[in-house]
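Engineer: Construct the entire structure; sequences and hints are all you get.
Protein chains in written order, with the numbering used here: chain A, 1 to 243; chain B, 1 to 191; chain C, 1 to 465.
The reader is advised that the hints may include incorrect statements.
Claimed, not checked - Calculated cross-link-like contacts (lysine-lysine; reagent style DSBU-like; alpha-carbon spacing at most 30 Å): (1) K30/A - K84/A; (2) K144/C - K455/C; (3) K388/C - K3/B; (4) K144/C - K84/A; (5) K28/A - K455/C.
As the list claims (entries may be wrong) - Now the in silico label distances, taken between C-beta atoms and shown as ranges: (6) D70/A - Q35/B: 53 to 59 Å; (7) N295/C - K28/A: 37 to 43 Å; (8) D70/C - D97/B: 39 to 45 Å; (9) E17/C - Q35/B: 54 to 60 Å; (10) D70/A - E4/B: 56 to 62 Å.
Stated by the list, open to error - The following residues of chain C were derived to be distant from chain B, with all beta-carbon distances above 10 Å: (11) F12; (12) H60; (13) K123; (14) R157; (15) D246; (16) R253; (17) E456.
Simulated from the structure, these hints should not be mistaken for laboratory data.
Predicted model, so just to flag it, every value in this text is computed and none were measured.
Note that beta-carbon positions come from the ideal geometry of N, C-alpha and C, so glycine has one too.
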Amino acid sequence: MKVGLFIPCYVDTLYPEVGVATYRLLRKLKVDVTYPERQTCCGQPMANGGFQRMSGDLAEHFEDVFKDYDCIVTPSVSCSSFVKDHHPELHKHECSTPEKTMELVEFLHDVLKIKELPGEFPHVVSVHNSCHGVRVLRLSAPTEEHTKPYNKIVELLKLKKGITVHEPERSDECCGFGGMFTMEEPEVSARMGDDKVKRHIATGAEIITGADSSCLMHMRGVAGKQKYDVKFMHVAEILAAGV
Amino acid sequence: MKKEQLFDKLRQGVTRQFDMPTQPVDGIVYPDVVQQFIEMSKTVGSKVIEAKTTDDLNHIIRNAYPEAKVFASSVKGIKADLNPDTVSTPAELNGTDVGIVQGEIGVAENGCIWVPQTMKERVVCFISEELVILIQRQHIVNNMHEAYKRIEMPEKGYGVFISGPSKTADIEQALVMGAQAARGVTVVIVG
Amino acid sequence: MSTSHSKKAAQFLSNPENVTRHDKTFWGLRQKRDIQAHQLPEWESLREHASQIKEHTLTHLADYLEQFSDNLERNGVVVHWAKDAQEFNEIAYGILETHKVRKLVKSKSMLTEECEMNDYLIKHGIDVVETDLGERILQLMNLKPSHIVVPAAHISRHDVGKIFEDLGISKEIGNHDPTYLTQCARYSLRQAFLEAEAGMTGCNFGVASTGDCVVCTNEGNADMSTSCPKLHIVSMGIDKVIPDLDSLAVFQRLLCRCGTGQPSTSYTSHYRKPRPDGKMHVILVDNGRSDIIANPNHWTTAKCIRCGACMNTCPVYRRSMGYSYSYFIPGPIGVNLGMLRNPKLHSGNVSACSLCLSCDHVCPVKVNPGSQIYTWRQELEQFGTENKEKRYMAEAMRRVYGSYTIYDAMVKKASLVNYVPQKLMDIKLNPWAVGHTMPHIPKKSFHEIYRQAMKELDEEKKKKG
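Structural biologist: In structure tokens, the structure reads:
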């Protein structure tokens, strides 16, 4: 299986270590993964802001870059949700990438079905269940629904030796990022972020982790402003630790 | 507005019509429907008394409300000071301490009891400080799907499902019994 | 970049303790709803049924309205049809005038709020008394509801206590205990029920097959309003009609569990006929509903049964309160209904959503208000109400991301931003700085690291080869 690594624009620029960890982890798991150059952005930021019409060319570009892969893996829940959910309506031609795109946790849990991971991670972490991870990709059971509880992120993290995994109270309430929402509703967004970070810290965690760097970026900014003593790491970095 | 105009507009506005679901809902069924009904009645704030068919209901009701002075009922065999069938205005029932009415169907999932209007002034169900609802044990069903299949509207054209006393949480979400209608409900399960 | 919602929300957020209390109140309702949902194994199937029944009914609405009104008339009920708010108010007043009504007791109805009926009737000399405790408090304080189910949740017990003292409704000065205040309101309203010549209720469900008008209340105020006076007026939107009693079972089970987290409201009242020697009138109101049903992108919004669950779960609503929305119905469903009412006037609410989609998952009839807000955002440009700065940003992004060469060049320079002092970024023009520190931008992007690593790998291979 030929896997194309999709590193979303803001991860590429702001969190290259997440890309590096994802790549290393997949290599270690013997995945035939390559990173096609010329990839940029899936078009989500404009679309969430109300300018999906501007995302059309980017969807075409995405298809062009990734169409020859069997599977496209990305360490970002919101970008993969956007490709899966909204790219089909943006494409003018037949397209194959939306159904081949997978978020990293989904790929590890559902396709590779990994049951063990090398490396230790002797830390206490609190898992951030990003909205689109829960309610679009169903990485965990949405708390609104009457379904059997499960959490793929937690299951994967627990494969690391020495780790203690918590979830905050209101385990899948939004952290208040939402792309341009943060810019249009800065006060509401900041308060949501503050409430969320406090609940993560209340678990006793040293590190807040999740499958979406944009939520983590937002909460990191909030924690910085409030001078909270807590670290942030993408799930990929923890899973790749000591690998 | 002419209703025909509205109907035309509505018919023109629809491009695709949808069908009703084909299968009915598989409503919850309890291993002990009466026990569930009792628990749920208590959850919604009612008191529950189980009585045998041979028991003296008047005695049970008087015992449950030893302080009460004014009783109102039109239920056959129930002793009362006021009769909602014979009062001339609803206002005459204001000041009733205990109203006693007959329920027809009890619903285990939510403590609802179907009370059809058999009396002339239905206000007795609401204006009384305390309400006693009599219900036959064999008339308790699992859920609302079963209940709605069984209810019969009386000639007077009114019926109500009552689930516990009147309540409100409109001031700071603090639950208070007895907002505008009965402050308390006692369900007497007969049989 | 601020919007009408975000500006008002910022005012509410300036008092953090109020926000905490407001958030807790509504999160509490959400939790109670979850407990109810988890007690029924058939919960998700119930929601699916409700959704399908509504889609069926709305796409056959003329037929069901015809059946409903025929049954009403057969039962001796007088039926009226109102095109809009004005017609509705005139019809309501006309009925009251004919019966020489001076005092009207009414139970909660969002339709009468929508039509601003109270003001109209009061202007025409009718003494209108709201009898739902929350609505009564708001009426006495001359305020509007901030939520459709618990309309006065934003008012503190002390504010209620003070207004009751001022008006002589409570006698014990300083006693602001909710139980005491509720009892005071009970005594005061009891008189109103007995004096009024007419009672008005809303209608949660109109059953087409029987003509029943079904009203759900906890306080029993709808029943007090209709079993004392001899005249009963029902005001209902045409969207409230459902096919039959089997359908009603589905909705009755969902409405209260979703709204307040109770297994049922205390009273589910079925009005089929006028009281003996009484009169019953039903006013069926369109006021834009037929336009909603004809809207190809948003007709499913008309499925809403007004349970309020989407507000309770909405993280934005809980932290910004009902008054920050320009439409009288707030929260996710209110954003949608406002846009359907008047997009130019209510576009400022479309920002009030982080697209978390929690509302889509609590909604008992699967309106999907969150996903619908995403669609509304795409439509703002056609109303000319899109945010111009945001459009500029989106266009800039498209330009950068649209060309790999530009993107690559920009990324190379991105880390220069780190050298801008934090203080310079903390300006009003930068909304990010309201709640965040700036992210640190690494020297090298992932694609540069990857490119370099691949180059080194190639060189190594060449050396070995």
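Engineer: Going through the numbered hints above, which ones does this structure break? Give me the numbers in ascending order.
Structural biologist: 2, 3, 4, 7, 9, 12, 14, 15 and 16
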